[in-house]
Structure formats: C-alpha cells, structure tokens
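If you're matching them up, the sequences are chains A and B in order.
Heads up, the first sequence is in the numbering used here, so the first residue is 560 and it goes up one at a time.
Heads up, the second sequence is in the numbering used here, so the first residue is 560 and it goes up one at a time.
Think about it this way: if two alpha-carbon atoms lie no more than 30 Å apart in a straight line, the pair counts; the simulated DSBU-like pairs of lysine-lysine are: (1) K614(A) / K652(B); (2) K652(B) / K652(A); (3) K625(A) / K605(A); (4) K625(B) / K652(A); (5) K652(B) / K625(A); (6) K652(B) / K690(B).
Facing chain A, according to a computed beta carbon distance under 10 Å, are these residues of chain B, among others: (7) H564; (8) T568; (9) L571; (10) S644; (11) Q649; (12) A650; (13) L662; (14) L670; (15) T704; (16) A714; (17) E729; (18) I734.
Hints were generated in silico from the structure; no laboratory data involved.
Ideal Cβ placement from N, Cα and C applies to all residues, glycine included.
Number of protein chains: 2
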Amino acid sequence: MALAHAIMTALLEDDLSGYELARDFETSLGFFWQASHQQIYLELRKLADKHWLSKRAVSQHGKPNKIVYGMTRAGREALAEWVFSSTRNQAAKDDLLVKLYNLNSDNSSHLSGEITARREEMMRRLYLYEKIRRRHYSQPETLPTRRKGVYLALALGIRQGEQFLAWCDEALVLIATARN
Amino acid sequence: MALAHAIMTALLEDDLSGYELARDFETSLGFFWQASHQQIYLELRKLADKHWLSKRAVSQHGKPNKIVYGMTRAGREALAEWVFSSTRNQAAKDDLLVKLYNLNSDNSSHLSGEITARREEMMRRLYLYEKIRRRHYSQPETLPTRRKGVYLALALGIRQGEQFLAWCDEALVLIATARN
DNA sequence: GTCTACTGTGCAAAGAATTGCATAACAAGT
DNA sequence: ACTTGTTATGCAATTCTTTGCACAGTAGAC
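Let's have the full structure, built from the sequences with the hints guiding it.
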C-alpha cells in the first residue's frame, strides 16, 4: 500500500496530474520511492475511486488536457493514520551486489564499468541533493516540523550517497588488483 | 530474473536445500537480496525444471527429509552470462522515508520510535557484518578474486550501516526539537 | 500424553511492479 | 509535408512478491 501513500504525500502541498507526479517522482520523493508512470496513473484512478483523492479535468492551451488530482479530507486522514502503521523492513535488492558475489577475472572489467556508471549517476544525484539542501534546508533546526522530516530524508540520501562514492573508489581499486 | 540468479549465486559453493537457502538468505546474500521461503521454493523448482539446477532427495534421521539443489553446468553458464547483463537501477523503496515526509507533532514520537527500532536492528546487523569481516575478510587485498567481490558487498553494507546509525542520531535529535 | 519449537516443503489468492504497446494534441524545426 | 520531442493518459500480459494457509516429522519439556 505504500505507493498509494507516497503519491498522497506528494499531493499534500500541491494538486498534480499523473504526468507531473511521475516527473516529480524522478527528482524528489522518487529518490526514496520509485514508480513508473503506468503504476502512478493506475494508482491515481484507484485512489480517486476510493475518494481519497479528488479528480478534475483541466483544459490547457498549447498542451493536451490533463487530469489533476488533489487530496480529500478522507485521504488526509488515511495518510495520517498510515504513518502510525508499523513499517516493514525495507526492500534491499541490488543486482550489482549479487553480481559482485560472482566477481572473477572474466567479468571484473565489466563490473568495474558498472560501478563507474553508478558512481557517475550518484555524483549527479548528489549534486542535485546538495543544491536542494543549500537552497531550502540550510538551517534544519529552524524549519517547520514537516519540512524537518523532508530534510531528514534528504540528509540520509546525502550521507548514503557520499558513502557510496567512497565505496565505489574502494571497489574500483580492489577490483583493479584482482584483474592480474 | 534476479532472484533466480541470487539463488544460484548462493549455490555456487555449496549444494543447499530450500530451507537452508531461506535461512542463509537471512544472514548473507539476503542482506542484499531478500526473499521469502515461498519465493525460494518456487524458484528452485523452476530452476530445476530449466536444468539450471540439479535436484536430489536426501533422507535424514532426526529431521524431515529434504531436497538438495546444486548448480549444473548450464546454470553456471547462465549465471556467468547474467553478470554481463546491464544492471537496472535498483529499488530504493523505504516506507520510513515516505513517512518522514509526513512528520508532524502528532506522529513525531511514533516516528522516533520507528527510527530507534531501525537503529537497533542496524546495530545487530553491523555487529554481524563486523564479525564476518574480522573472521574472513581482514585482509581484502590477499583474497582470491571471487572473495574480493563478496568482501566488497560486505564493505558497502558496513559503510551504509554506519552512516545509517549516524543519521538515526541526527534524526532523533532533530525530531526531538520538533516535538515542542 | 500434550504442547511447543524447529525443520522441511508446498498451494492459492491477491497485490505490486515491469514490460511492451497504443493513442493523441501540440510545437518547432527541416 | 514530415519528423522529432514534449506533454498527457491508458490497456494488457506477464512476472514478482506478499500473505495466509496447510501438512508433516522429530525433539524436548512439562
């Protein structure tokens, strides 16, 4: 049920269409909960059927029309309640680490390549994170409560990201010695 | 397809039954790829049907009989090939972070509790990690290639785990100030 | 004897997620 | 005119994962 709640969380402050949500998911909440547009559109319809979201068509000029969703009172209540539910231990699924268990001299250069690619992706992401932090969260203690939570998610992303970069460097060095 | 490959990876060195695999998944590879026993049993049967795994019944005394699976030549080849496939960007789904986006004075003490619980779980896990590292991976440079890969997965787990602990402390402090 | 815990394997239904495809309005460039 | 790119929404099939249940043998405690 968490996708539904992630979507509602994203709609807490702004009403958004499926397309806008899907795009936002690539940059903010989506860092902590990925979803494809198919999933999002389907879930939005389900949530509207449940009356946790309201739905309205918006005509646009210069662009196709869109359907904008917003939180209802029932939705807000359901979301608030969900926060109190017990959190299941998270996913933790990473192909790359499973692949590393299979490291050998044949695949070491391929795996180095994968790690390098991941490193670069993480660099880009960290750059974004840092930009957001500087811009909106430079003084976390003074933020209103809800924003403190958002800051903390960001802070974890930054910590983990930086650690990941350091790990990539360690890994690349160690794998390089394995190639001989 | 990655569950199949995670299972085969676990079977690279030892032949195991579904039960043993499920148990091992809770402590080693399972740190990077979680799976329930239902999933594992099903996947094992599928893999045996595909002839990527061999299957043999083993009678035991003092315990129910079991079915032990082992890698076949075809399985090893398929696994080796899979390592070269492109790795999709990983899951990244964490309820707790979505919940943090909903932080407010009502739920702050609940969320502190969740974070505390996570922190303790991570402490236990780190303790395990460190034990394994000291015991088997104290000198990574001298390990045979494959073991270097396993070490690297462990090293990432340790780095991320330590960072997570630090983050929990940061979060608990910040949330405590939010409660007022 | 009965209860609890551990070992061991499995089915079935529901829910979540991926993959591939399909459609369509409009803008801007060639 | 034609192609490319962005905005915008959706269906269908398949695969993956979770949840709940079921069965069964053995050991040890009470």
